[in-house]
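Peer 1: Spelled out, the chains give:
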Amino acid sequence: MHAERRERTSLAVLADLVGGCVSGDPSIAITGVAPLNLAGQDQISFLANPKMARNLADCQAAAIIVHPSLKGCVQTPLLLAENPYLAFAKILTFFEVPPHVGQGVMAGAHVHADAIIGADVTIEPGCVVCAGATVGKGTHLHPNVVIGADAIIGHDCLLHANVTVREKSVLGNRVIVQPGAVIGADGFGFAPDGEHYCKIPQVGHVVIEDDVEIGACSCIDRGTLGVTRLSRGVKVDNLVQVAHNVQVGEDTLLVSQVGIAGSTVIGKHCIFGGQSAVAGHLKIGDNVTLAGRGGISHSVDGNQSLAGLPAMPHREWLKATMTMTHLPEMRRELKQLKKQVDELQRKLAEDEN
Amino acid sequence: MHAERRERTSLAVLADLVGGCVSGDPSIAITGVAPLNLAGQDQISFLANPKMARNLADCQAAAIIVHPSLKGCVQTPLLLAENPYLAFAKILTFFEVPPHVGQGVMAGAHVHADAIIGADVTIEPGCVVCAGATVGKGTHLHPNVVIGADAIIGHDCLLHANVTVREKSVLGNRVIVQPGAVIGADGFGFAPDGEHYCKIPQVGHVVIEDDVEIGACSCIDRGTLGVTRLSRGVKVDNLVQVAHNVQVGEDTLLVSQVGIAGSTVIGKHCIFGGQSAVAGHLKIGDNVTLAGRGGISHSVDGNQSLAGLPAMPHREWLKATMTMTHLPEMRRELKQLKKQVDELQRKLAEDEN
Amino acid sequence: MHAERRERTSLAVLADLVGGCVSGDPSIAITGVAPLNLAGQDQISFLANPKMARNLADCQAAAIIVHPSLKGCVQTPLLLAENPYLAFAKILTFFEVPPHVGQGVMAGAHVHADAIIGADVTIEPGCVVCAGATVGKGTHLHPNVVIGADAIIGHDCLLHANVTVREKSVLGNRVIVQPGAVIGADGFGFAPDGEHYCKIPQVGHVVIEDDVEIGACSCIDRGTLGVTRLSRGVKVDNLVQVAHNVQVGEDTLLVSQVGIAGSTVIGKHCIFGGQSAVAGHLKIGDNVTLAGRGGISHSVDGNQSLAGLPAMPHREWLKATMTMTHLPEMRRELKQLKKQVDELQRKLAEDEN
Chain A
33 MHAERRERTS LAVLADLVGG CVSGDPSIAI TGVAPLNLAG QDQISFLANP
83 KMARNLADCQ AAAIIVHPSL KGCVQTPLLL AENPYLAFAK ILTFFEVPPH
133 VGQGVMAGAH VHADAIIGAD VTIEPGCVVC AGATVGKGTH LHPNVVIGAD
183 AIIGHDCLLH ANVTVREKSV LGNRVIVQPG AVIGADGFGF APDGEHYCKI
233 PQVGHVVIED DVEIGACSCI DRGTLGVTRL SRGVKVDNLV QVAHNVQVGE
283 DTLLVSQVGI AGSTVIGKHC IFGGQSAVAG HLKIGDNVTL AGRGGISHSV
333 DGNQSLAGLP AMPHREWLKA TMTMTHLPEM RRELKQLKKQ VDELQRKLAE
383 DEN
Chain B
33 MHAERRERTS LAVLADLVGG CVSGDPSIAI TGVAPLNLAG QDQISFLANP
83 KMARNLADCQ AAAIIVHPSL KGCVQTPLLL AENPYLAFAK ILTFFEVPPH
133 VGQGVMAGAH VHADAIIGAD VTIEPGCVVC AGATVGKGTH LHPNVVIGAD
183 AIIGHDCLLH ANVTVREKSV LGNRVIVQPG AVIGADGFGF APDGEHYCKI
233 PQVGHVVIED DVEIGACSCI DRGTLGVTRL SRGVKVDNLV QVAHNVQVGE
283 DTLLVSQVGI AGSTVIGKHC IFGGQSAVAG HLKIGDNVTL AGRGGISHSV
333 DGNQSLAGLP AMPHREWLKA TMTMTHLPEM RRELKQLKKQ VDELQRKLAE
383 DEN
Chain C
33 MHAERRERTS LAVLADLVGG CVSGDPSIAI TGVAPLNLAG QDQISFLANP
83 KMARNLADCQ AAAIIVHPSL KGCVQTPLLL AENPYLAFAK ILTFFEVPPH
133 VGQGVMAGAH VHADAIIGAD VTIEPGCVVC AGATVGKGTH LHPNVVIGAD
183 AIIGHDCLLH ANVTVREKSV LGNRVIVQPG AVIGADGFGF APDGEHYCKI
233 PQVGHVVIED DVEIGACSCI DRGTLGVTRL SRGVKVDNLV QVAHNVQVGE
283 DTLLVSQVGI AGSTVIGKHC IFGGQSAVAG HLKIGDNVTL AGRGGISHSV
333 DGNQSLAGLP AMPHREWLKA TMTMTHLPEM RRELKQLKKQ VDELQRKLAE
383 DEN
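From first to last, the protein sequence lines are chains A, B and C. Residue numbers for the first sequence follow our numbering, beginning at 33 and rising by one. Residue numbers for the second sequence follow our numbering, beginning at 33 and rising by one. Residue numbers for the third sequence follow our numbering, beginning at 33 and rising by one.
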């Protein structure tokens with residue numbers, strides 16, 4: 033259970049919270065956040081895109097979060113912030129994410145006598161915490177979460193319903209896992225014996241560092257012998273596959289339905305678009321962006337924007353795909369040109385004789 | 033638990049059920065449905081595709097559901113129906129889907145004292161229904177389903193094992209959810225602060241209207257501030273991703289592994305083939321069909337059939353992809369032609385001198 | 033719970049286990065397995081790729097598994113094996129996978145009085161085994177597994193946490209299912225009635241034969257009337273979709289995020305790369321390899337290697353995609369050539385006059 037959410041504060045307090053300035057009456061009361069078109073007279077709204085400033089005129093909000101360049105654009109009091117989207121996130125958190133209040137191990141949860149449970153946790157009905165597992169202080173396990181033997185969950189984590197964390201997995205602090213995600217399943221490793229496949233036991237584990245978030249039904253496989261690692265601040269969307277022994281660098285984003293094959297090492301601050309993929313045993317530099325549905329099949333240096341399969345610079349891909357629909361026409365023209373050139377050659381030969 | 037399924041009826045009753053006519057003896061007894069090649073002498077079978085009529089000769093079935101145009105094609109009694117496939121669906125439902133008989137809250141289920149539980153429900157062992165949640169009359173929760181706080185489940189719904197419905201989600205009536213699906217997980221929203229990402233709390237919810245079906249391990253994310261909506265009659269296959277703030281129109285089909293990015297609005301009666309995708313913040317008209325693996329990256333009008341990435345009219349895509357394998361040959365020919373044309377130009381210049 | 037893992041043996045015993053020979057002292061003690069760069073002085077390591085033999089010099093391992101052709105390449109004792117990777121798998125299994133020791137039905141598990149439970153099983157807390165289900169001897173159900181009514185689970189199976197096996201599904205022996213997988217969900221079958229869709233009840237079932245492994249959050253749908261079958265030895269990675277009525281032949285591999293559409297029949301010893309797909313109602317021969325992201329839309333004979341969408345021979349696809357980036361340049365050249373040829377034709381006509 034959560035404590036009651038914050039119900040009312042002044043515009044001045046919110047400006048202070050986000051390091052911004054007030055333009056207008058700083059004492060006006062704010063009770064929550066809403067979109068521009070829905071905000072009521074005691075709510076704050078925000079304008080992420082300055083191009084949409086014309087929409088501000090009809091806004092009923094008590095105040096609007098905008099970039100300082102828009103100061104004076106409307107009568108409504110403004111909260112001027114260099115990064116309005118970030119300010120919005122922080123104010124939304126202030127109103128809507130109350131601190132967790134531990135309810136302890138609730139009736140219907142199964143916590144092994146040899147598990148180590150920190151202070152102020154909530155472990156809801158149907159959870160199973162196996163022998164040797166650790167659940168850090170302030171962590172909240174929603175119903176039917178399973179924590180395998182000897183797994184370690186840090187403090188202030190939030191694991192939603194039906195999440196599975198297999199044995200020996202290690203989660204840092206403030207890790208959030210959406211429902212149905214699976215951490216530490218066996219990687220896909222089989223040795224052919226000429227006829228059948230022999231399973232290679234997957235005896236490594238998974239390390240999820242601080243401030244990582246993992247989406248619903250995403251799968252982070254354990255290492256074969258070593259470790260699969262999501263570094264600090266990595267954000268993983270829903271239905272993403274991270275195979276065994278993969279390493280993902282800090283603050284990298286994996287959007288929905290991405291697949292990262294085994295043993296690949298990905299740098300920091302990368303963004304992989306939806307349904308994109310990276311083959312196995314590759315090295316991807318820092319600050320690489322791969323467009324949705326892109327596929328990387330060779331190691332690539334950092335600081336570039338790629339698209340397509342096989343992945344190429346995003347601009348080249350845009351040009352190539354724009355030409356795609358002209359392919360049949362190009363083929364016809366090519367045939368026609370060949371005829372014309374043959375005819376020209378024939379004529380010229382005749383003329384010469 | 034379900035009641036016993038229907039065990040025996042006459043061909044006449046079945047014809048009545050589906051609004052069809054009998055050709056042959058209407059009193060013959062039917063005990064069930066089976067495919068043409070497996071049907072026994074007391075079962076009814078069906079022919080969806082008239083081109084397969086030659087297969088009817090060897091059929092042992094008591095009767096066959098066919099289109100009226102096939103009347104008299106075999107000796108076997110026929111059930112003549114304008115839409116044989118639909119008639120098959122209804123007769124299969126008659127024999128195989130008995131009405132739900134509520135077993136109440138079973139031992140081992142955890143239902144919060146503040147939850148509202150309708151009449152004739154079945155809530156199986158391991159289910160957790162949180163505070164403030166509503167479960168409508170006649171609804172069946174299979175084992176280990178989790179219903180979050182203040183969620184509302186309509187009447188006559190069927191939620192299979194290990195489904196998660198997060199807080200404040202709203203499901204209509206007769207909604208079916210296959211095992212492992214997740215409704216109401218947080219959308220993928222993070223504001224960059226220049227170095228790291230700050231989570232944007234996802235405080236909206238999900239609305240699933242009447243007669244929607246959601247496949248196994250599919251994920252329907254909650255809105256950021258507002259609503260993610262699947263309209264009446266939408267059918268979602270397995271492992272599908274529907275991101276935050278998406279709106280899907282009535283009777284639209286999302287086939288397996290489809291991904292719909294955030295805030296996109298999809299019309300009615302669309303069909304998205306397997307592994308296809310739509311980018312975020314787009315508007316897709318009614319009656320749009322997107323072939324498997326297609327990818328839409330711009331808003332599109334209704335009433336068209338698309339394919340490819342980026343999506344183009346299906347026919348153009350077929351032509352373009354058929355040309356694909358000729359690309360290396362085209363490139364060679366182009367080089368050859370350039371040589372020939374250069375040579376011709378050279379010769380012509382010589383001749384002129 | 034598992035018994036303690038094996039802790040110490042001699043190199044000779046391991047050579048015997050894998051049918052290999054010792055080069056060096058056969059009596060040296062081995063306590064486990066580790067990668068070349070991490071192995072300690074009492075561990076065995078392995079060299080899968082002979083090209084990496086130069087890495088052996090610095091290896092601290094007690095012994096190394098290598099191909100017989102590398103005999104004598106270093107001072108370290110060697111275990112010579114024709115298939116070093118397979119020998120590694122077997123030795124890793126010897127040390128790390130102790131035999132299962134049945135703990136019985138544990139407190140907090142819900143096993144129906146009419147279920148049939150074999151000897152030496154472990155059924156962990158939160159599991160639900162429904163009426164008429166069978167759990168074979170030696171099988172281990174991790175927490176919160178749900179076994180539907182009349183399902184049959186063979187002996188020595190291992191079902192990880194939060195797995196769902198729906199009613200009437202049949203699993204053979206030694207089947208392994210990773211967390212969150214769903215076996216026997218309804219296939220995606222709806223009959224249009226002109227306006228809406230009418231659900232076609234999915235009353236068939238799933239058969240999983242011996243020695244199959246299924247990855248985390250993968251979905252194997254039940255047949256509509258008949259059977260969906262994964263034959264002996266099939267290995268399925270995470271987040272894979274196998275639709276209703278599909279048949280997959282022995283020892284075929286489906287890598288992560290693959291989608292197989294309904295009623296398709298796949299041969300033996302095939303390999304489908306990550307995110308690849310096969311359309312419905314097709315027949316795929318034995319020994320077909322489809323590269324990652326490939327898509328098969330027509331039935332194909334066996335013994336070939338395919339790639340691309342639509343799938344073509346892998347070599348052709350490589351050539352075609354290499355040409356892709358040259359498309360815009362080709363189009364420009366084509367236009368230029370047309371101009372030149374037109375000019376030549378004009379000149380030639382002039383000359384002739």
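The hints are simulated quantities; they were obtained by calculation from the structure and are not laboratory data. Treat each hint with caution, since some may be false.
Remember, identical chains collapse to one label, so a pair may be satisfied in a single copy or spanning two.
To be verified - Here are the computed lysine-lysine pairs in the DSSO-like style, where the Cα-Cα straight-line distance is at most 27 Å:
| id | residue 1 | residue 2 |
| --- | --- | --- |
| 1 | K231 | K169 |
| 2 | K315 | K300 |
| 3 | K379 | K169 |
| 4 | K351 | K370 |
| 5 | K200 | K371 |
| 6 | K103 | K83 |
| 7 | K300 | K231 |
| 8 | K379 | K367 |
Peer 1: Hints first: check each against the structure and report whether it holds.
Peer 2: Quick rundown of the hints versus the structure:
1. Taking the shortest alpha-carbon separations for K231 and K169, only the inter-copy value of 21 Å comes in at or below 27 Å, while the best intra-copy value is 38 Å.
2. For a Cα distance limit of 27 Å, the shortest separation of K315 from K300 inside one copy, 12 Å, qualifies, whereas the shortest one across copies, 33 Å, does not.
3. Proximity of K379 and K169 under a CA criterion of 27 Å is satisfied in neither setting, with 90 Å inside one chain copy and 87 Å between copies.
4. Proximity of K351 to K370 under the C-alpha cut-off of 27 Å is found in both arrangements, the shortest distances being 26 Å within a copy and 21 Å between copies.
5. In this homomeric assembly, K200 and K371 never come within 27 Å of each other (Cα to Cα): the closest approach is 70 Å inside a single copy and 66 Å across copies.
6. In this assembly of identical chains, K103 and K83 lie within 27 Å of each other by CA distance solely inside one copy; the values are 14 Å within and 66 Å between copies.
7. Taking the shortest alpha-carbon separations for K300 and K231, only the inter-copy value of 18 Å comes in at or below 27 Å, while the best intra-copy value is 33 Å.
8. For the homomeric pair K379 and K367, the shortest alpha-carbon distances inside one copy (19 Å) and between copies (22 Å) are both at most 27 Å.
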